[in-house]
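Undergrad: Sequence:
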Amino acid sequence: MEIKKILRKAAFKSRIWLIRAWERTKENLIFIGRKTGKATKKVAFFVKKTLLTLIKGLGLVLDDLLLLGGIASVFYGVFQIYEPAGYIVLGLSLFCLAYLVAHKRATDRR
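The opening position of the sequence shown corresponds to residue 1 in my numbering, with each subsequent residue numbered one higher.
Derived by calculation from the structure, the hints in this document are not laboratory data.
Be aware that one or more of the hints could be misleading.
Said to hold, decoys possible - Cut-off 20 Å, straight-line C-alpha distance, at most; resulting in silico cross-link-like pairs (EDC-like, lysine to aspartate or glutamate):
# : residue 1 : residue 2
1 : Lys-38    : Glu-27
2 : Lys-104   : Asp-63
3 : Lys-104   : Asp-64
4 : Lys-35    : Glu-23
Whenever a hint applies, use it, and build me the whole structure from the sequences.
TA: In structure tokens, the structure reads:
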């Protein structure tokens, strides 16, 4: 009979220990969750700020990138028709691009 009592006490104590351990674990997870939430907000803010900066910077060179893409497309199309004509078109396009860059620099100095 005494063995049963000892086993019941041990089982009861182990249940209490398990419940307390679970409570401690839950509190720690809640604490970690709060810290993680704050860190996530900071990272999201940083990413947003970085993307907005990149978009502003890309807006400054977007017209130039589109111009280069257009030149490449026209060059490739003409090159497929006749090779020497493709090189002539590429040279003329780069000449025009150099003129546009020089004109832009001259107007920026004023």
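Undergrad: Give a verdict on every hint.
TA: Here is what the structure says about each hint:
no., hint, verdict
1, Lys-38 x Glu-27, "holds, 17 Å"
2, Lys-104 x Asp-63, "holds, 13 Å"
3, Lys-104 x Asp-64, "holds, 12 Å"
4, Lys-35 x Glu-23, "holds, 19 Å"
Going through the hint list in order, the structure satisfies each hint without exception.
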